[in-house]
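*Asks:* What follows is the residue order along each chain.
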Amino acid sequence: MPTSSKKEKMIEGVIPESKAHELLYKMVLTRAFEENAEEMYGLGKVHGTMHLSIGEEGVAAGAGPALRKSDYLLNTHRGHGHFLMWGGDLNRMMAEFMGKEAGYCRGRGGSMHIADVESNNLGAQGIVAGNLPISVGVGLSIQMRKTDQVVLTLFGDGAANEGAFHESLNMASIWNLPVIYLCENNQYAMSMAFERAFRVEQISERASAYGIKGLTVDGNDVVAVYKAVSEAAEQARKGAGPTLIEAITYRWKGHSKSDRQLYRTREEVKKWMEKDPIKRFAAKLDVDEAGLKEIEKKAKEEIRKAVEFAESSPEPDVNTILEGIYA
Amino acid sequence: MRELSYMEALREAMRQAMQKDDRVFLIGEDVGVYGGAFGVSAGLLDEFGPKRIIDTPISEAGIAGACIGAAVTGMRPIGEMQFSDFVVIAMEQLVMQGAKMRFMFGGKAEVPFVMRLAGGSGTGAAAQHSESLENWFVHVPGLKVVMPSSPYDAKGLLLAAIEDNNPIMFFENKVLYKTKGPVPEEMYTIPIGQSHVVREGKDLTVVATSVMVSRAQEAAEQLSQEGIELEIIDPRTLKPLDEKPIVESVIKTGKALIVHEAVKTGGFGGELAAVIMESEAFGYLDAPVKRLAGLDMPIPYNRNLEYHAVPQVENIVEETRKLVKGQY
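Chains as they are written, first to last, in the numbering used here: chain X, 6 to 332; chain G, 321 to 648.
No lab work stands behind these hints: they were computed from the structure. We put the CB at the ideal spot given by N, CA and C, even for glycine. Some hints here could point you the wrong way.
Below, a sample of chain G positions facing chain X; criterion: calculated Cβ distance under 7 Å [said to hold, decoys possible]:
| no. | residue |
| --- | --- |
| 1 | 381 |
| 2 | 382 |
| 3 | 386 |
| 4 | 389 |
| 5 | 416 |
| 6 | 417 |
| 7 | 423 |
| 8 | 426 |
| 9 | 428 |
| 10 | 429 |
| 11 | 456 |
| 12 | 458 |
| 13 | 461 |
| 14 | 485 |
| 15 | 486 |
| 16 | 502 |
Label-pair restraints from in silico Cβ distances [said to hold, decoys possible]:
| no. | chain 1 | residue 1 | chain 2 | residue 2 | range |
| --- | --- | --- | --- | --- | --- |
| 17 | X | 13 | G | 363 | 51 to 61 Å |
| 18 | X | 150 | G | 500 | 37 to 47 Å |
| 19 | G | 416 | X | 324 | 23 to 33 Å |
| 20 | X | 150 | G | 602 | 21 to 31 Å |
| 21 | G | 624 | X | 324 | 52 to 62 Å |
| 22 | X | 324 | G | 508 | 35 to 45 Å |
| 23 | X | 54 | G | 394 | 28 to 38 Å |
| 24 | G | 416 | X | 205 | 25 to 35 Å |
| 25 | X | 273 | G | 447 | 28 to 38 Å |
| 26 | X | 205 | G | 500 | 50 to 60 Å |
| 27 | X | 279 | G | 447 | 55 to 65 Å |
With a straight-line Cα cutoff of 30 Å, these simulated DSS-like cross-link-like pairs (lysine-lysine) come out [said to hold, decoys possible]:
| no. | chain 1 | residue 1 | chain 2 | residue 2 |
| --- | --- | --- | --- | --- |
| 28 | G | 371 | X | 50 |
| 29 | G | 371 | X | 151 |
| 30 | G | 428 | X | 105 |
| 31 | X | 310 | G | 428 |
With the hints as extra help, turn the sequences into a complete structure.
*Replies:* Have a look at this one:
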């Protein structure tokens with residue numbers, strides 16, 4: 006019997022069940038990717054830095070999947086999850102992470118600059134708030150080409166205190182650009198705590214300064230993020246302009262490899278680990294502990310194969326070192 | 321041939337490019353009804369409307385980001401920095417984003433935009449509105465740097481820049497805006513990366529940029545009466561630099577004087593001097609390569625001080641005489 010003939014169950018009325026299971030798998034895969042990344046770094050198999058999003062997978066699972074393939078993504082430096090959710094191929098992603106020619110950016114970008122322009126994935130970002138002004142241009146381009154695309158611009162709480170944040174939100178709001186500003190508030194800009202860096206209670210309050218809609222959602226709740234991004238996209242496609250969404254979440258690991266985490270307590274981290282977005286989403290899908298173990302096993306196997314692929318891929322040829330600078 | 325001012329030539333280039341290609345648009349502060357702070361875009365709003373001649377808030381990083389984002393998604397933006405000095409607020413976008421995007425993404429992105437910047441002193445605008453910052457960008461792989469010195473070059477180079485698939489910093493000069501010269505009516509391009517021998521001569525090679533080209537020409541007329549013949553070369557594009565005509569000229573004359581408005585220390589003159597000395601021209605030099613450039617100081621407000629802060633015709637004449645006489 007064709008599946009279309011029976012109505013698929015919707016998780017909390019918005020995410021089709023089969024899609025939800027796929028998202029859960031990708032959340033687990035993201036975590037497995039990052040745990041493996043950390044391990045490889047420890048073994049000296051990777052030489053660059055990386056930014057782990059462990060504990061924040063709920064935002065990525067709810068954001069990209071709420072949009073269409075034709076939409077645009079401007080990612081952050083902590084964007085492995087978003088990259089996978091946008092449809093990134095694990096092998097090519099792993100190859101990029103390991104600096105190989107088969108990687109998305111031929112090993113030139115690494116984790117911090119991974120992009121796939123072909124799928125409208127306009128890249129991860131090494132400069133805090135660096136992607137915010139760019140989203141103005143993408144929005145203008147969409148408006149000029151008269152398509153119904155939107156651009157999802159991701160950034161952290163730290164970026165909301167950069168001047169570029171103001172310039173970007175103001176321009177997008179005065180021109181009604183189809184931009185979804187999604188702030189992943191993971192409580193720390195490196196070591197600077199949210200409470201120390203903001204006078205406002207919520208970053209989304211700043212939306213009122215631009216006359217646009219702002220809302221704060223639980224970033225560890227996939228469905229809440231999915232709903233907020235879907236609604237923002239619908240508004241943007243209608244020409245109603247940008248939305249500022251703040252997703253509250255927490256970074257379990259340090260900022261990067263140099264972080265000794267002197268700015269927070271173990272108790273605080275533990276408290277947030279109890280709000281694990283993966284476990285919470287699994288519960289919504291009635292996936293029990295044993296079921297989750299099965300999924301993890303599958304993800305780890307896929308990671309193992311990707312590492313194998315990346316390790317057997319050739320290094321970039323030094324004779325090509327100057328390629329790709331100019332068109 | 322019909323004569324146009326440098327400013328009119330730039331405007332005509334933008335108009336023709338926008339007529340030909342729907343993807344081209346202009347974005348910047350006061351470029352619409354005001355016509356741009358110097359009037360370069362006057363009248364374009366009436367012809368193309370506010371969707372293609374876009375007035376922005378005072379947001380230089382936003383303007384640069386708008387160009388980058390639109391370019392990477394298929395448009396061909398022209399951005400304007402009202403005074404080139406203001407580009408410092410957009411440095412992150414231009415240097416960290418626009419310039420590097422293609423390379424970081426493994427050569428798989430194209431970022432075709434032109435950032436027009438009004439540079440230079442001589443208008444009494446003082447230290448924050450008179451700088452010549454072109455060499456900052458020469459130092460950034462991924463960017464091209466263009467600097468037209470005449471109305472003819474202004475039109476041909478701007479049209480070439482708009483057609484180019486890379487981010488281009490296009491340095492205009494405020495003092496040149498009203499200068500006139502012959503400009504063909506039809507569309508034409510001058511290749512990016514092609515030096516121009518502006519004047520032929522046997523005694524000394526002057527490599528000059530932007531407003532210094534016409535000052536060198538004036539100096540050459542005076543010196544010619546003394547029997548000294550200058551060869552003047554305008555690189556026109558600082559990056560990529562077409563070295564060959566410069567090297568060949570120095571081989572011929574044996575002497576080189578580099579003239580630019582930007583401050584001497586860390587300026588493009590140092591790069592040009594190195595290019596000459598690393599080339600086969602080195603063995604033909606019969607005098608040190610000399611630089612005549614802006615004094616190492618911010619541009620002063622006072623008219624007389626401002627005049628003396630950057631090279632003038634008489635300075636070029638004097639430096640040339642010294643070099644030719646072996647007084648260095």
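*Asks:* None of the hints should be skipped; say for each whether it holds.
*Replies:* Results for each hint:
A least Cβ separation of about 5 Å between residue 381 of chain G and chain X falls short of the 7 Å threshold, and the interface hint therefore holds. Of the supplied interface hints, the one on residue 382 of chain G holds, with its beta-carbon coming within about 4 Å of a beta-carbon of chain X, less than 7 Å. Contact between residue 386 of chain G and chain X, as hinted, is supported at the beta carbon level, the nearest pair being about 4 Å apart and thus within 7 Å. Contact between residue 389 of chain G and chain X, as hinted, is supported at the beta carbon level, the nearest pair being about 2 Å apart and thus within 7 Å.
Interface restraint check for residue 416 of chain G: the shortest CB-CB distance to chain X comes to about 5 Å, inside 7 Å, so the restraint holds. The restraint placing residue 417 of chain G at the interface with chain X holds, with a minimum CB-CB distance near 6 Å, inside the 7 Å limit. Annotation: interface hint on residue 423 of chain G holds; nearest CB of chain X at approximately 5 Å, less than 7 Å. Taking 7 Å as the C-beta cut-off, the interface hint given for residue 426 of chain G holds, the closest approach to chain X being about 4 Å.
Among the interface hints, the one on residue 428 of chain G holds; its C-beta lies about 5 Å from the nearest C-beta in chain X, closer than the 7 Å criterion. Against a cut-off of 7 Å between C-beta atoms, the interface hint on residue 429 of chain G holds, since the closest Cβ of chain X lies about 5 Å away. Among the interface hints, the one on residue 456 of chain G is violated; its C-beta lies about 18 Å from the nearest C-beta in chain X, farther than the 7 Å criterion. For the restraint placing residue 458 of chain G at the interface with chain X, the shortest Cβ-Cβ distance is roughly 14 Å, beyond the 7 Å limit, so the hint is violated.
This hint holds: residue 461 of chain G has a C-beta 5 Å from the nearest C-beta of chain X, less than the 7 Å allowed. Taken as an interface hint, residue 485 of chain G checks out: its beta carbon lies about 4 Å from the nearest beta carbon of chain X, inside 7 Å. The interface hint given for residue 486 of chain G is met, as the beta carbon of that residue sits about 5 Å from the closest beta carbon of chain X, less than 7 Å. Violation of the interface hint for residue 502 of chain G is found here, the shortest Cβ-Cβ separation to chain X being roughly 32 Å, above the 7 Å cut-off.
For residue 13 of chain X and residue 363 of chain G, the Cβ-Cβ distance of about 58 Å falls inside the hinted range of 51 to 61 Å, so the restraint holds. About 39 Å separates the C-beta atoms of residue 150 of chain X and residue 500 of chain G, a value consistent with the hinted range of 37 to 47 Å. A hinted range of 23 to 33 Å holds for the C-beta pair residue 416 of chain G and residue 324 of chain X, which are about 27 Å apart. A beta carbon spacing of about 53 Å between residue 150 of chain X and residue 602 of chain G contradicts the range 21 to 31 Å that was offered as a hint.
Between residue 624 of chain G and residue 324 of chain X the beta carbon distance is about 56 Å. The supplied range of 52 to 62 Å therefore holds. For residue 324 of chain X and residue 508 of chain G, the Cβ-Cβ distance of about 37 Å falls inside the hinted range of 35 to 45 Å, so the restraint holds. In this structure the hint that residue 54 of chain X and residue 394 of chain G lie 28 to 38 Å apart at CB holds, the actual value being about 33 Å. Between residue 416 of chain G and residue 205 of chain X the C-beta distance comes to about 28 Å, which sits within the given range of 25 to 35 Å.
Evaluation of the 28 to 38 Å hint for residue 273 of chain X and residue 447 of chain G yields a failure: the beta carbon distance comes to about 49 Å. Distance hint for residue 205 of chain X and residue 500 of chain G: a CB-CB separation of about 56 Å, consistent with the stated range 50 to 60 Å. One distance hint, 55 to 65 Å for the beta-carbon pair residue 279 of chain X and residue 447 of chain G, holds here, with the actual separation near 58 Å. For the given pair, residue 371 of chain G sits about 51 Å from residue 50 of chain X by alpha-carbon distance, which is inconsistent with the 30 Å threshold.
Annotation: proposed proximity of residue 371 of chain G to residue 151 of chain X holds, straight-line Cα distance about 12 Å (limit 30 Å). At roughly 15 Å between alpha-carbon atoms, residue 428 of chain G and residue 105 of chain X fall within 30 Å of each other, so this suggested pair holds. Our distance criterion of 30 Å between C-alpha atoms is met by residue 310 of chain X and residue 428 of chain G, whose separation comes to about 26 Å.
Comparing the model with each numbered hint stated earlier shows that hints 11, 12, 16, 20, 25 and 28 do not hold.
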